[in-house]
Amino acid sequence: MESLADIEQRIDSARRTYAEVKSEIARVIVGHEELIEQVFVALVCGGHCLLEGVPGLGKTLMVRSLGEILSLSFSRIQFTPDLMPADITGTNMLTDDPSGRKLIEFQRGPVFAHVVLADEINRATPKTQSALLEAMQEQGVTVGGKLHRLENPFMVLATQNPIEMEGTYPLPEAQVDRFFFKLILQYPSHAELTRIADLTTAAPPAPLREILDADGILQLRQWVREVPIADVVKDYAVRLILSSHARPEQNGGESLAQRYVMYGSSPRGLQSVILAAKARALFAGRPNVSFDDIRVMLLPSLRHRLILNLEADADGVSTDKILNDLITRVAEVA
Amino acid sequence: MTVEPTGLQSKLADFLRWEKQKRWQESLLLAAGIALAAALLLSPLHGLLPWIVLRWLVPVILMLGLAPGFLYYRRWCAADATRALVEIDRKLNLDERAVTAWELAGRGDRSAAAQLVFHQSEAHLRGLEPRRLFPRQWGWPAYSAAPLLLFWCAFLWFDFDKSLSQQRPPAQSLAQQLREFARDFQEKAKTEGLRQSMQVGQELEKLAQKNLAAKASDEQLKTDLAGVKQKLDAAGQSAPQNQSMAGAESEQSLKDLKAELEAARDMLNLPDGAKSPSAQQWLERLAALPQLRKQLDREPQSGQGMGQQELQSLLDRLDQQVSGALDRRALIDAQQFLEQMMKQGQGKEDKDAAQIAGRGEQDEPGDGMREKNHSNLPGKEPGTSDSSRSLPQFRAETRTQVKGQLGEGESSSLVFKGKPAPGKSELAPQGVVANYRRQAEQELNSEKVPAALKETVRKYFLSLEESKK
Chain A
1 MESLADIEQR IDSARRTYAE VKSEIARVIV GHEELIEQVF VALVCGGHCL
51 LEGVPGLGKT LMVRSLGEIL SLSFSRIQFT PDLMPADITG TNMLTDDPSG
101 RKLIEFQRGP VFAHVVLADE INRATPKTQS ALLEAMQEQG VTVGGKLHRL
151 ENPFMVLATQ NPIEMEGTYP LPEAQVDRFF FKLILQYPSH AELTRIADLT
201 TAAPPAPLRE ILDADGILQL RQWVREVPIA DVVKDYAVRL ILSSHARPEQ
251 NGGESLAQRY VMYGSSPRGL QSVILAAKAR ALFAGRPNVS FDDIRVMLLP
301 SLRHRLILNL EADADGVSTD KILNDLITRV AEVA
Chain B
1001 MTVEPTGLQS KLADFLRWEK QKRWQESLLL AAGIALAAAL LLSPLHGLLP
1051 WIVLRWLVPV ILMLGLAPGF LYYRRWCAAD ATRALVEIDR KLNLDERAVT
1101 AWELAGRGDR SAAAQLVFHQ SEAHLRGLEP RRLFPRQWGW PAYSAAPLLL
1151 FWCAFLWFDF DKSLSQQRPP AQSLAQQLRE FARDFQEKAK TEGLRQSMQV
1201 GQELEKLAQK NLAAKASDEQ LKTDLAGVKQ KLDAAGQSAP QNQSMAGAES
1251 EQSLKDLKAE LEAARDMLNL PDGAKSPSAQ QWLERLAALP QLRKQLDREP
1301 QSGQGMGQQE LQSLLDRLDQ QVSGALDRRA LIDAQQFLEQ MMKQGQGKED
1351 KDAAQIAGRG EQDEPGDGMR EKNHSNLPGK EPGTSDSSRS LPQFRAETRT
1401 QVKGQLGEGE SSSLVFKGKP APGKSELAPQ GVVANYRRQA EQELNSEKVP
1451 AALKETVRKY FLSLEESKK
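Going down the list, the protein sequences come from chains A and B.
By the numbering used here, the letter at position 311 of the first sequence is numbered 311, and the numbering carries on one by one without gaps.
If you want the numbering used here, it's the position in the second sequence, counting the first as 1, plus 1000.
Any given hint could be a false lead.
[Stated by the list, open to error] Reference listing, derived: stretches of chain B covered by chain A, where coverage requires no fewer than 3 residues with Cβ under 8 angstroms from a Cβ of chain A:
hint	stretch
1	1074-1083
2	1106-1113
3	1434-1443
[Said to hold, decoys possible] Far from chain A, by Cβ distances over 10 angstroms, these chain B residues were calculated:
hint	residue
4	W1024
5	W1051
6	T1100
7	Q1176
8	G1227
[To be verified] Facing chain A, a subset of chain B residues (Cβ under 10 angstroms, in silico):
hint	residue
9	D1095
10	A1101
11	L1150
FYI, nobody ran anything at the bench for these hints, they're computed from the structure.
Cβ coordinates follow ideal geometry from the N, Cα and C atoms, glycine included.
Based on the sequences and whatever the hints tell you, model everything.
Set out below in structure tokens:
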């Protein structure tokens, strides 16, 4: 059994690792500190992220940088309408062995990497999308009746462009639910743009340093799950999830959720919130989860899990607004 | 090495005990405040208590009844403990370490992560002094209980509750006053056999009832009353004026005369077999009836030669004249009452005036107003003034004709109205009799009591003395 010193050292190590990852990425990515934290949290929690933002905000660069820092294999798939499932998963091919005999060999697709960037995932057909999403869920692909395991750790960072919606195939709700986080990339500020100009128009920066390997990530995953959480904090998370279901008896007065939400969060949302809160506590050097961890992780965990009604569309109400309303309404202690 | 978080647990248990104690005190204060407020609201009912000293105990009794309920409904539960621990975390910026440590310790979790939580929480809570960090905060129950207690003590000390319980009923509407007057008026008319007054009384009561049923305004009633008053004026002008019973006679004299006429008729109508008195004897007996004698003296044909039939018809005529005069006076009273009602509305003075008019005793305060005279109160010497002592409130009741036994000398009768206020007498009967006797002797020395009745009054008080012995 670990001693108190061991556990203190473990927490300190996790906190330092996270700080190093942040500072190393900051060398190539300007701003987006919160986004980087959330991507890292999703990675150590074993989740996948859906990134939403206009082109040119550094989505691909961020994912590539993350792969470099973590010394993980990285692949990028550009989703197009003619992309086939086999283009992602790979396919069996007839080849010759050194002795000249014909044999069928499985050629791995780009999904066989630690970090996969699925660029503009909504441009591919649902058939292709579901091939990737199945791989995400099962951590493996089945081709010709044979299961091929994916890398561990495995993480998909899918992107979608919110402005060019014509000719796209929006992800079905059930598939969106499989993403751990949905992250929104904001346009950089004046200062950030100036710094981007300096960084990208001068001499290229020095290569990124490897900070963490796959084993280190798996170790962090285990530590995250061991972070204790008080029942009262867990209960707070549960009540937040329930209040997203627009049940009148759950809330005092009419909340935005009651008015605009058609379907609330799934239980996956709760798992995501609690696990992410644990990771946040660990990276903050704390041995337990606080109410604040829950609140901070609520938005990225639930924003893609609420299905809003037409009235919300008409009124221009976003899920973030509804979730912020819930945070103000639900008391920490029942 | 596993370390048991006993120190942390006892520290947190101390804190929770302090919070529990605060809750308990708050509940009791709340119960006390509500008990005092309820006691103040119930103070007009103090008259119902069997012993007056019990009124001091009312808040205590109410609090004893309320406190168990408050302690039960505000009892300490697990959620309160959690809430208190979250409050500690918030106050000390512990990021929910205390509440997590409390739960993990309660669960028996002794993992390395739990040990770290205990360790960090203990380090932060080592110097925790619950009483200093979370002092008792006096809310509105505390701030209201003390002033309420003071107010309550002052309230009882100055007997405000007694004055509240003796408050007069709310002012009546004009229609209610009229109905009350009409009923009194009918009662009076019935007692004295006044036919016209009886009719007027019935009409007034009908009018009042109609207005009450229709919930009409006072102005509407006044309009209706104007019509009735006109009728009364017309009736007063057309009524025959009897010269012998002119306004010179007081109402009390007329009543005495009526009583004497009744007595004289009784003397004339002896039962069968009894020996009827001679005219001479009858006239001698009449000497004991001063008012009747006075009237007979005015009659030119009355004298030694009158037979029984003549006497009978004379008595009947006199009776009719007296009834007519009383009827007219009663109607004048009614007119005055209606005038006052129409002029003043439903003020207090109006009501008092109406009551006086209804009794029909405002003309001769010396004869019929004994209950309104301060000097007639037991224990009060005539002529001395004591404005601080209030008169007992008499409610209008059925009139009672008190008849004395006719004996030697002249007799008279007094009309008493009302009944005494409930409660124990504070005066000894001997003192009361002595006081009344003194008053009676003073009255006897004045000219108000007819000379023929003076001896009767004296004998009455002597008989009281004898019965007392």
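A quick look at each hint next to the structure:
| no. | hint | in the structure |
| --- | --- | --- |
| 1 | 1074-1083 | holds (count 3) |
| 2 | 1106-1113 | holds (count 4) |
| 3 | 1434-1443 | violated (count 0) |
| 4 | W1024 | 21 angstroms, holds |
| 5 | W1051 | 50 angstroms, holds |
| 6 | T1100 | 4 angstroms, violated |
| 7 | Q1176 | 51 angstroms, holds |
| 8 | G1227 | 63 angstroms, holds |
| 9 | D1095 | 4 angstroms, holds |
| 10 | A1101 | 8 angstroms, holds |
| 11 | L1150 | 38 angstroms, violated |
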